[in-house]
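**Student:** Could you build the full structure based on these sequences and the hints that come with them?
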Amino acid sequence: MNPFIEQLLGQWNYYLVIVLMMIGFYGVIARGNMVKKIVGLNIFQTSVFMLYISMGKVAQGTAPILTGDPTTVYSNPLPHVLILTAIVVGVSTTAVGYALIIRIHESFGTIEDDDIIAQLDDEEDVS
Amino acid sequence: MAGFLVNASLIALLALIAILALRLHRLFAVVMLSGAFSLVAAAQFVVLDAVDVAFTEAAVGAGISTVLALATLSLLPAQEKPHSISLVPAFLATLTGLLLAVAVSDLPVFGDPKAPIHNHVAPEYIIGSEQAIGVPNIVTSVLASYRSFDTFGETLVVFTAVLAVLLIIGGYTRTPQKPKKAKRKTKGSQNAG
Numbered sequence: 145m146n147p148f149i150e151q152l153l154g155q156w157n158y159y160l161v162i163v164l165m166m167i168g169f170y171g172v173i174a175r176g177n178m179v180k181k182i183v184g185l186n187i188f189q190t191s192v193f194m195l196y197i198s199m200g201k202v203a204q205g206t207a208p209i210l211t212g213d214p215t216t217v218y219s220n221p222l223p224h225v226l227i228l229t230a231i232v233v234g235v236s237t238t239a240v241g242y243a244l245i246i247r248i249h250e251s252f253g254t255i256e257d258d259d260i261i262a263q264l265d266d267e268e269d270v271s
Numbered sequence: 013m014a015g016f017l018v019n020a021s022l023i024a025l026l027a028l029i030a031i032l033a034l035r036l037h038r039l040f041a042v043v044m045l046s047g048a049f050s051l052v053a054a055a056q057f058v059v060l061d062a063v064d065v066a067f068t069e070a071a072v073g074a075g076i077s078t079v080l081a082l083a084t085l086s087l088l089p090a091q092e093k094p095h096s097i098s099l100v101p102a103f104l105a106t107l108t109g110l111l112l113a114v115a116v117s118d119l120p121v122f123g124d125p126k127a128p129i130h131n132h133v134a135p136e137y138i139i140g141s142e143q144a145i146g147v148p149n150i151v152t153s154v155l156a157s158y159r160s161f162d163t164f165g166e167t168l169v170v171f172t173a174v175l176a177v178l179l180i181i182g183g184y185t186r187t188p189q190k191p192k193k194a195k196r197k198t199k200g201s202q203n204a205g
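Going line by line, the protein sequences match chains Y and C. The first sequence runs 145 to 271 under the working numbering. The second sequence runs 13 to 205 under the working numbering.
Be aware that one or more of the hints could be misleading.
As the list claims (entries may be wrong) - For each label pair, taking beta carbons as the anchor points, the in silico distance ranges come out as: (1) Ile173/Y / His37/C: 13 to 21 Å; (2) Pro214/Y / Val18/C: 33 to 41 Å; (3) Asp265/Y / Ser157/C: 51 to 59 Å; (4) Asn146/Y / Leu17/C: 47 to 55 Å; (5) Ala262/Y / Ile31/C: 24 to 32 Å; (6) His37/C / Ile261/Y: 43 to 51 Å; (7) Asp259/Y / Leu175/C: 52 to 60 Å; (8) Leu17/C / Asp259/Y: 19 to 27 Å.
To be verified - Residues from chain C that face chain Y, not an exhaustive set, calculated with beta carbons under 7 Å: (9) Ile23; (10) Met44; (11) Val52; (12) Asp61; (13) Ile76; (14) Leu107; (15) Pro128; (16) His130; (17) Ile138; (18) Gly146; (19) Pro148; (20) Val169.
To be verified - Just some of the chain Y residues that point at chain C, by a computed CB distance under 7 Å: (21) Gln155; (22) Leu164; (23) Leu185; (24) Ile187; (25) Val192; (26) Thr215; (27) Thr216; (28) Val233; (29) Ala243; (30) Ile255; (31) Ile261.
Hints in this document: simulated from the structure, not taken from any laboratory. All figures in this text were calculated on a predicted structure; none of them were measured in a lab. Beta carbons are placed, not taken as given, at the ideal position from N, Cα and C, and that holds for glycine.
**Tutor:** Below, the structure written as structure tokens:
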């Protein structure tokens, strides 16, 4: 078989996850609404978690909980631990992001970034 | 092959949810779709043998994040201003994706037991944790014992985040303000006059 196609078949999971990641990335940079930016960031973040978890998968393996049978193949527990920590840190940063959005809405009356930039420009014009 | 089908269809579902979440303009629907994304991601983690991660993602990603987002939405306008598809960000995202794909092509084959990640410290955790810690779940023993300082750092991050949220919107350090109405129009007419 063509080595290129063979590699594509061997790593299909990573490529699919990259597609997901880029959907989230597009949301972060293209959308002006701040709630949507945070949702895009969440999608991006969860896809990165998926990439790490994919690396820990062992073919024919099972969840890393000891069964007592010495022939059992376990998936790698290390990425799981890292991602557990990352999920909790992710939700903390999301919470701070939402708090900032509420604060911005109080000050500017809008959560669209182009409106906020226009307001700031107006204030410069006045002064 | 069955694994491939399950995995690929779950990722296709995730992509569909993600695209819908970015296309819709009602923020309530967007936030609910974001919760659904986390839930399907949890199912994907179960397929990839990461049961603890799936558990946390379902509880924290689909649960707490959605609650936080809904609480935020109750104070914000419900609709997003419609936008057309912007080409520069789409181009940037495609370019970044291509670069990532080039980088990923150096990774070992998916599920390969001989990959370097499975052959250094991981076997020691798998073989040694029962003797050293005595908990059947290896993820628990690594999280709470081998790498407990990491977990302590994580707790500190959560504490800092709570502190930051309280300082930003807590009301202890500032006087509450009425949300300003968007007053672009009035300003413009003043300028004209």
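**Student:** Could you work out which earlier hints the structure fails to respect and list their numbers in ascending sequence?
**Tutor:** 2, 4, 6, 7, 8, 10, 11, 14, 15, 18, 23, 25, 26, 27, 31
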